[in-house]
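**Q** Going line by line, the protein sequences match chains A and B. In terms of our numbering, the first sequence is numbered consecutively and its last residue is 89. In terms of our numbering, the second sequence is numbered consecutively and its last residue is 189.
No lab work stands behind these hints: they were computed from the structure. Check each hint, because a few of them may be wrong.
[Said to hold, decoys possible] Derived pair list, reagent style DSS-like, types lysine-lysine, alpha-carbon separation capped at 30 Å: (1) Lys-41(A) / Lys-120(B); (2) Lys-11(A) / Lys-111(B); (3) Lys-141(B) / Lys-61(A); (4) Lys-161(B) / Lys-20(A); (5) Lys-111(B) / Lys-41(A); (6) Lys-41(A) / Lys-161(B); (7) Lys-161(B) / Lys-61(A).
[Said to hold, decoys possible] Beta-carbon label-pair distances, calculated as ranges: (8) Ala-125(B) / Asp-32(A): 19 to 29 Å; (9) Ser-76(A) / Asp-132(B): 38 to 48 Å; (10) Ala-57(A) / Ala-125(B): 14 to 24 Å; (11) Val-179(B) / Val-80(A): 18 to 28 Å; (12) Glu-150(B) / Gly-49(A): 37 to 47 Å; (13) Lys-61(A) / Gln-118(B): 37 to 47 Å; (14) Arg-128(B) / Asp-32(A): 24 to 34 Å; (15) Thr-152(B) / Thr-52(A): 36 to 46 Å; (16) Glu-50(A) / Thr-152(B): 34 to 44 Å; (17) Asn-69(A) / Asp-153(B): 17 to 27 Å; (18) Arg-128(B) / Glu-50(A): 18 to 28 Å.
[As the list claims (entries may be wrong)] A few chain A residues that face chain B, going by a derived Cβ cut-off under 10 Å, partial list only: (19) Asp-36; (20) Lys-41; (21) Asp-48; (22) Asp-53; (23) Leu-56.
Just so we're clear, the structure is a prediction, and the values are computed from it rather than from any experiment. From the three backbone atoms N, C-alpha and C, an ideal C-beta is built for every residue, glycine too.
Each chain, written out:
2 protein chains.
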Amino acid sequence: MARYVVDVMPKREILDPQGKAVLGALPRLGFDRVLDVRQGKRFELEVDGEPTDQTLADVRKMAETLLSNPVIEDYSVSVVELETQGSDQ
Amino acid sequence: MARYVVDVMPKREILDPQGKAVLGALPRLGFDRVLDVRQGKRFELEVDGEPTDQTLADVRKMAETLLSNPVIEDYSVSVVELETQGSDQ
Chain A
1 MARYVVDVMP KREILDPQGK AVLGALPRLG FDRVLDVRQG KRFELEVDGE
51 PTDQTLADVR KMAETLLSNP VIEDYSVSVV ELETQGSDQ
Chain B
101 MARYVVDVMP KREILDPQGK AVLGALPRLG FDRVLDVRQG KRFELEVDGE
151 PTDQTLADVR KMAETLLSNP VIEDYSVSVV ELETQGSDQ
């Protein structure tokens with residue numbers, strides 16, 4: 001089994017109202033050195049079998065078609081290897 | 101300037117309806133080897149000055165008080181060093 005992490009962030013040129021809301025709240029909590037905040041999404045996917053190039057390509061396709069909106073968001077995919085339990089394929 | 105990344109994920113024992121919705125949609129798109137999906141949040145914070153232990157402690161406090169709900173979510177903080185522009189402090 002392998003764990004993939006997909007990070008989805010709003011593109012730099014896109015307004016990010018959630019990030020701006022956090023940025024606006026920080027001074028009220030006493031934090032005044034934060035210059036910018038961007039808020040995005042993080043997905044952790046557990047996929048059957050060992051990590052392969054094909055699986056990575058599949059996860060990239062999921063990121064592009066389901067997990068992000070490529071018009072306004074960028075995504076990045078990384079793999080976290082977990083233990084392989086025997087040989088199930 | 102330093103960039104901090106705060107990842108906020110639902111705790112393992114907490115139901116994650118957003119993740120389950122993604123998991124349910126994947127087979128319809130032809131991906132049938134994904135066993136589990138968890139959806140969380142990712143924040144990128146740009147903080148003035150060089151990264152210090154005090155800044156890291158501040159960002160942890162932001163994560164705990166504003167960015168996450170510690171009852172149902174776990175957070176992790178990491179730092180991405182950017183170029184330091186001269187010595188502004």
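**Q** Indicate, hint by hint, whether the structure satisfies it.
**A** Hint-by-hint comparison with the structure:
1. Pair hint Lys-41(A) plus Lys-120(B) holds up; C-alpha atoms about 15 Å apart against a cutoff of 30 Å.
2. Simply put, Lys-11(A) and Lys-111(B) have alpha-carbon atoms about 28 Å apart, close enough for the 30 Å limit, and the pair holds.
3. About 20 Å separates the Cα atoms of Lys-141(B) and Lys-61(A), which keeps this hinted pair within 30 Å; it holds.
4. About 18 Å separates the Cα atoms of Lys-161(B) and Lys-20(A), which keeps this hinted pair within 30 Å; it holds.
5. Restraint check for Lys-111(B) and Lys-41(A): satisfied, since their Cα atoms lie roughly 16 Å apart, inside the 30 Å limit.
6. With a C-alpha separation of about 20 Å, the suggested pair Lys-41(A) and Lys-161(B) falls inside the 30 Å cut-off, and the hint holds.
7. Between Lys-161(B) and Lys-61(A) the alpha-carbon distance is near 36 Å, which puts this suggested pair outside the 30 Å criterion.
8. Between Ala-125(B) and Asp-32(A) the beta carbons are some 42 Å apart, a value that contradicts the proposed interval 19 to 29 Å.
9. At about 24 Å, the beta-carbon gap between Ser-76(A) and Asp-132(B) misses the expected band of 38 to 48 Å.
10. As the Cβ distance of Ala-57(A) to Ala-125(B) is approximately 19 Å, the hint placing it in 14 to 24 Å holds.
11. For Val-179(B) paired with Val-80(A), a C-beta distance near 19 Å keeps the hint of 18 to 28 Å intact.
12. Evaluation of the 37 to 47 Å hint for Glu-150(B) and Gly-49(A) yields a pass: the beta carbon distance comes to about 43 Å.
13. Distance hint check: the CB atoms of Lys-61(A) and Gln-118(B) are about 20 Å apart, inconsistent with the given range 37 to 47 Å.
14. Against the hinted window of 24 to 34 Å, the Cβ-Cβ separation of Arg-128(B) and Asp-32(A) comes to about 47 Å, which falls outside the hint.
15. At about 42 Å, the CB distance of Thr-152(B) to Thr-52(A) agrees with the hint of 36 to 46 Å.
16. For Glu-50(A) and Thr-152(B), the Cβ-Cβ distance of about 41 Å falls inside the hinted range of 34 to 44 Å, so the restraint holds.
17. Between Asn-69(A) and Asp-153(B), the C-beta spacing of about 38 Å breaks the proposed range 17 to 27 Å.
18. Between Arg-128(B) and Glu-50(A) the CB atoms are about 25 Å apart, so this pair conforms to the stated range of 18 to 28 Å.
19. For Asp-36(A), the shortest C-beta to C-beta distance to chain B is roughly 4 Å, which falls under 10 Å, so the interface hint holds.
20. For Lys-41(A), the shortest C-beta to C-beta distance to chain B is roughly 6 Å, which falls under 10 Å, so the interface hint holds.
21. This hint holds: Asp-48(A) has a C-beta 4 Å from the nearest C-beta of chain B, less than the 10 Å allowed.
22. This hint is violated: Asp-53(A) has a C-beta 14 Å from the nearest C-beta of chain B, more than the 10 Å allowed.
23. Given hint, Leu-56(A) at the interface with chain B, is violated; its Cβ is 12 Å from that chain's nearest Cβ, farther than 10 Å.
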